[in-house]
Amino acid sequence: MEVRKSPPQLLIEKLHLGELDPHTSVNTQACQNELETLSSSNEQIWAEYPPDMVALQIAQRLRKRRLSIPGASLLERLNSLRSPKWQWAAIVLLVCAPVGLLVLNRPNETDRIKGLSPFLTIYRKVGNSFERMSSNSKVAEHDIIQISYVAHDARFGAIFSVDGNGKLTLHYPERPGPAAKLITSGEVILPDAFELDSSPQFERFVFVTSPDSFETQSLIEHFQQGSLPKQYMSSSVLLKK
Amino acid sequence: MDIEAHYRRYGPMVLRRCRALLKNESKAAEAMQETFVKILSAKSLKDQAPSSFLYRVATNVCLNIIRSERLAIFQNSPELSEIARTIDPTSGWLSRNIITQMFSRQKELNAYIAVLFYLDEMTLEEVSQETGLSVSGVRKRLKQIQLRATRYKEI
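Residue numbers (this note's numbering), protein chains in the order written: chain A, 810 to 1050; chain B, 938 to 1092.
Next up, chain B with everything else stripped away, as it sits in the complex (with noise of 0.2 Å):
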C-alpha cells in the first residue's frame, strides 16, 4: 500500500475529522496519523469508498482519546458523553480473539452511529445507508444508546 498517495488523497478528510472532534490541532494530528497505522495495521482498506471506512475508524479514534484522556468534549449531549464515558471501540483492532474482535466491532458500530446521528446530524435514512444497517436497526440501536444514557444521567 503507498501510504503517501492514501495520505495525500485521504489525509485532509481525516484531519478535518479529527479536528472537529477532539478541537485540538495537536490531538487531531496525532489521531490522524492513529488512523492510517490502524488501518494499515489491520490490512483493511477497503477497495470501495475507502472515504466511508476512514472517517469511520477516525471517529473511533478519536472516541477513545476523548474517553481514555476524559476531556469534556461531549458536555451537552447525553448519549455522546455515554458513548466517549464507556466505550474503547479500539480496543479489539488488534486482537486474535474472534469473540473480541466481533465484541469491539458491535460497541464500534454503535458508537459511530451515535455521532453520525447526534453530533454530525445525519438523518437515520443517512445513518443507515452509511453503515449498511435497516433504519428499524440504526433506530434501536440509538433508542438503546438512549436507554444507557438516561440511567447513567440517573445514577
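Next up, chain A with everything else stripped away, as it sits in the complex (with noise of 0.2 Å):
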C-alpha cells in the first residue's frame, strides 16, 4: 500500500485555522512546513485581494443575487447583513441599484459647487491600494485599472475608452443604450475595476456629460466624426503604454 507523504490539504487547512476535529490523528510535527506555508500564502493573499475590497465586492454580488430571488424582501435583504457596517453599506448599494453604481463618498456640500466640470479619474492598483493616474502617465498590459467619475451639476454621462488600436470600449454605462444617470454628490466609482489588454500605444478613457439624457451609440458615432454637439461636455485622460 502506498504511503502518503503528507496528511490531505483539507486537513491541514483545519489544523491551521485550529477547527481539526480532535478525534483525527494528525502528525502535527510532520505538517510544520506546510503550516508555514499557509500562513504566508494567507498573507500573500490578503495583499492581493485585500480583505476590505473583497468583501464590497461580495455584498455587492450578494445583493444583485438577493435583487434577482423573487419574494425577497428588502428587510430580509438586510437582514442577512448582520454587520452595521454592511447594513449601511448595503443601504447604499440599494439605493444605487438602478444604475449599478457604489458611492463611496457622502452627500457633501462642498462637492454640489454649480459651475465646476465633470471629470473622471483612473487609479491603478499597486499592491494592496490604488493609486492616481495623471494624464500621461505609463501603464502596462496586465494592469489593474478602476474609473471613477465627478459629475457635479451634469446629470446624464457615459464613460468610455479608445486604445491604440482605435478600439472603442464603453465602461459606462455597461451595455449601449441610455446615457447613464449621474450621481451628483462626491465621487462615484465604477463598480469592477478591468485590466488592460495588450493594445499598444496608448489608452484614452473619456468621460462625456449632457444636461439632456443621449443614446450611447449617437454619442460613439460623434466621437468618431471628430465633433461632439455643443450640450456635450468630455473630460479625459490619456495614459501610455
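One thing to keep in mind: the hints can contain errors.
Claimed, not checked - Here are some of the chain A residues that sit facing chain B, going by a computed Cβ distance under 10 Å:
#: 1; residue: 816
#: 2; residue: 817
#: 3; residue: 826
#: 4; residue: 847
#: 5; residue: 850
#: 6; residue: 853
#: 7; residue: 863
Just so you know, these hints were derived from the structure itself, not from any lab.
Backbone N, C-alpha and C define an ideal beta-carbon position, used for all residues, glycine too.
Two chains, two frames, some hints: make the complex.
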C-alpha cells in the first residue's frame, strides 16, 4: 500500500485554522512546513485580494443575487448582513441599484458647487491599494484599472476608452443604450475594475456628460466623426503604454 | 454576518481550494467570491467548523464551473470526469422547492465524496468523518460513481 507523504490538504487547512476535529490524528510535527507555507500564503492572498475590497465585492454580488430572488423583501435582504457596517453598505448599494454604482462619499455640500466641470479619475492598483494616475502616466498590459467620476451638476453621462488600435470600449453604462443617470454628489467609483489588455501605445478614457439624456451609440458616432454637439461636455485622461 | 472577518479567516483557504481545482487564477478568484455569496445567500454558515462547510461549498462551486464551462481538468480520472460531466451541484441552492433541494443535496454530496476520495486522496475513514456518513455509506456511493463512470466510458 502506498504511504502518503503528508495529510490531505483539508486536514492541514483545518489544523492551521484550529478547527481540526480532536478525534482526527495528524502528526503536527510532520506538517510544520505545510503550516508555515499556509501562513505565508495567507499573507500573499490578503495582499493580492485585500479583505475590505473583497468584502465589498461580495456584498455587491450578494445584493444582485438577493434582488434577483422573487419574494425577497428589502428587510430580509438587509437582515442577512448583520454587521451595521455592511447594513449601511447594503443600503447605499440598494439605493444605487438602478445605475449599478457604489457611492463611496456621502453627500457633501462642498461637492455641489455649481459651475465646475465634471471629470473622471483613473486609478491603478499597486499592491494593496490604488494610485491615482495623472494624464500621460505610463501603464502596461495587465495593470488593474479603476475608473471614478465626479459629475458636479451634470445629469447624464457615459465613459468609454479608445486604445492604440482604435478600439472603443464602453465602460459606463455597461451596455449601449441610454446614457447613465449620474450621481451628482461626491466621487463615484464604477463597480468593477478591469485589466488592461495588450493594445499598443495608449489608452484614452473619455467622460462625456450632458444635461439631457442621450444614446451612447449616437455619442460614439459623434466622437468617431470628431465633433461633439454643444450640449456635451467632455473630459479625458490619456495613459501611455 | 461580518463578511470581511469571514473572508479574512477563511478566504485564503477557499481561494487555495479553488486554485487547486480550477488551475486558473481569475476563475479561482471568481469561485472564491461565489462561495461566500452562496453561503450568505443561504444564510447557512455553520457555527461549528465552518472550514468543512466552506471547503465543501467551494469544491462544488468549482465543479459547477468545470461542468458549465466544460473545462478539461479531470481528464485522468474517469470518476471525476463523470462527476464534472453530469452534476450541477449548485442548482438547488436557492430553490424553494424542497424536493429539488433534497435531490440536489444528494448529488452534491456524491460529487464532494468523489473529489475527496479521488482527487484529495483521502481515505474512506477520512471521507466518512468529513461527510458524516458511515464508511460503508461512503463506499457504496463511490461504487455507484464508479459504475456510472464505467457506463459512460462504454457509451
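Checklist line | Agreement of hint residue 826 of chain A with chain B interface, Cβ distance less than 10 Å | finding: Holds - the Cβ of residue 826 of chain A comes within 10 Å of chain B, reaching about 5 Å at its closest.
query = How about residue 816 of chain A: closest beta carbon in chain B under 10 Å, or not?
reply = Holds, because the Cβ-Cβ distance from residue 816 of chain A to chain B comes to roughly 9 Å (cut-off 10 Å).
*Under the criterion of a CB-CB separation shorter than 10 Å, is residue 853 of chain A in contact with chain B as hinted?*
Holds. Min distance 8 Å.
- [ ] Could you check if residue 863 of chain A really has its C-beta closer than 10 Å to a C-beta on chain B?
- [x] Holds, about 5 Å.
Holds or violated: the hint that residue 847 of chain A contacts chain B, with Cβ atoms closer than 10 Å.
holds, 8 Å
- prompt: Hey, does the residue 817 of chain A contact hint survive, CB to chain B under 10 Å?
  reply: holds, 5 Å
Hint check, residue 850 of chain A versus chain B [nearest Cβ-Cβ separation less than 10 Å]: holds, 6 Å
Taken one by one, the earlier hints all hold for this structure without exception.
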